[in-house]
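> Chain by chain, the residues run as shown.
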Amino acid sequence: MELEHIQKIALIGFFGATIFGAIASRTQFCTMGAISDWINMGSLTRFRVWFLAMGLALVVTQILYLTGSIDLGESIYHTTSFTWLGYIFGGLLFGIGMTIASGCGQRTVVRLGGGNLKSLIVLLVMGLTAYMTLRGILSIPRLFINDPTTWQFSDAGLASQGLHDILSRFTGLSPSNIAVILTVIIGGAAVVFAFLDRQVWSRFDNLLAGIGIGLLIAGAWYTTGVIGYDDFDPIQLEGVSFISPVGNTISYLMTFTGATINFGIAIVLGTLFGSFIYSLITGNFRIESFSDTSDLVNHIIGAILMGFGGVLALGCTIGQGITGMSTLALSSIFSLGSIILGCIFTLKVQYNLLDDLGFWKAVKVTSLEMLGRKSSDE
Amino acid sequence: MTDTTQFLDARKLNCPLPILKAKKTINGMKSGETLKILATDPGAVRDFEAFANQTGHKLLESTTMDSEFHFILQKA
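These protein sequence lines are chains A and B, in that order. For the first sequence, the tail end lands on 378 under this note's numbering, and the numbers increase by one without skipping. For the second sequence, the tail end lands on 76 under this note's numbering, and the numbers increase by one without skipping.
Chain A extracted, bound-state conformation (with noise of 0.2 Å):
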């Protein structure tokens, strides 16, 4: 059976994800418990490795498109329409909705295949809610949302909203000047922060995930935009990501007989199989479920707020706070910033209920300690 272009595209993406589902399963790569070591633990070991990570996949991509091997105006992180308050607003929800779901996008994706059904339910009711907000129902409130904040950076002149197209407006320097001086200052700084740590060069398991991790994601332009480059038969230029296509994934298994694969897709069920192989040959795999209905109702509503604030902030933690990042792109600093923010706000919320505050007090509460201040009522 000879395989069609985007079929050969999807099977190069789905082994390239099955190492990636292996590494991130292998060395517990994951933002949220990176972000929660730091807030709670005081160790920003995982976070540096996540910089790795992201440092690594800058440079490659941003020498791939130096070097004209790839259009990142033709990816959807190099649009000319800014959706500011969606990439703010989304971001937050994201945010939150990791910490109250054990993880993002990609780490869910990670712990079904080890056997947890938690990720499963999860998954699920994420990938519908972004398939809604993209195309259903839940358009109507992100259109709602985004309509009137949108600014067209295409009326001031600018080719994209990539950090090359804005600064170079602004500096008369060429945008691949601009590339290679924020690939040195943006890529280098990450790179450098994550080796100041010694556990992270002298652990073996933190190398392969921010190395790995990093080339695999760099890896996914080069597949799309090189190997998939093919002027008869054209397929998107597209990075890794886990919101939208966990969306389209539950789309092509339902409509299976009559739906083509995408890139998207193949990486999904790819990191989905790489975890689920690794666990097992490693004898890991286990099934867990969820310990009571509060812990069902919370991952319900974590995957809701995954689902649509992914899509408002246009991907997660891998597709804007990688992926995105990697073509150094305006919308996903805001994004990250924000799913970060997101992030700690819901940990130390978690932390403060634990002391029978309630939800709203240890909101408040929160809030008024994130701003430097003390509680009136303690």
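The hints are simulated quantities; they were obtained by calculation from the structure and are not laboratory data. A few of these clues could be false.
[Stated by the list, open to error] A few chain B positions that, by computed beta-carbon distances, are all more than 12 Å from chain A:
1. Thr4
2. Thr5
3. Asp9
4. Ile19
5. Gly32
6. Thr34
7. Leu35
8. Lys36
9. Asp47
10. Lys75
[Stated by the list, open to error] Using 30 Å as the maximum straight-line C-alpha spacing, the simulated DSSO-like pairs for lysine-lysine come out as follows:
11. Lys364/A <-> Lys58/B
12. Lys8/A <-> Lys36/B
13. Lys364/A <-> Lys24/B
14. Lys361/A <-> Lys12/B
15. Lys30/B <-> Lys361/A
16. Lys75/B <-> Lys361/A
17. Lys361/A <-> Lys58/B
18. Lys8/A <-> Lys21/B
19. Lys23/B <-> Lys361/A
20. Lys23/B <-> Lys36/B
21. Lys8/A <-> Lys12/B
All residues carry an ideal CB built from backbone N, CA and C; glycine is no exception.
Once you have looked at the hints, place chain B on chain A.
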């Protein structure tokens, strides 16, 4: 088997709840007292090792029994 002062059942809870609950419980304990924790999240082993390393509390035990992880932390 060490006699423990406090007990925390974190089974069926996923990150970050086991660490959050352990941190809250241990904050209310005196130096030298011990906390026994049961967990089922595969990430708990790494998390409690990192928690002990970072906070200075001593991880006296980290064992796996019947798909459950057992930890004993001694407050610094």
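> All the hints need checking, so say for each whether the structure fits it.
Hint-by-hint comparison with the structure:
no. : hint                 : result
1   : Thr4                 : holds (20 Å)
2   : Thr5                 : holds (18 Å)
3   : Asp9                 : violated (9 Å)
4   : Ile19                : violated (5 Å)
5   : Gly32                : holds (21 Å)
6   : Thr34                : holds (19 Å)
7   : Leu35                : holds (14 Å)
8   : Lys36                : holds (18 Å)
9   : Asp47                : violated (8 Å)
10  : Lys75                : holds (15 Å)
11  : Lys364/A <-> Lys58/B : violated (34 Å)
12  : Lys8/A <-> Lys36/B   : violated (52 Å)
13  : Lys364/A <-> Lys24/B : holds (19 Å)
14  : Lys361/A <-> Lys12/B : holds (27 Å)
15  : Lys30/B <-> Lys361/A : holds (28 Å)
16  : Lys75/B <-> Lys361/A : holds (29 Å)
17  : Lys361/A <-> Lys58/B : violated (33 Å)
18  : Lys8/A <-> Lys21/B   : violated (47 Å)
19  : Lys23/B <-> Lys361/A : holds (20 Å)
20  : Lys23/B <-> Lys36/B  : holds (12 Å)
21  : Lys8/A <-> Lys12/B   : violated (40 Å)
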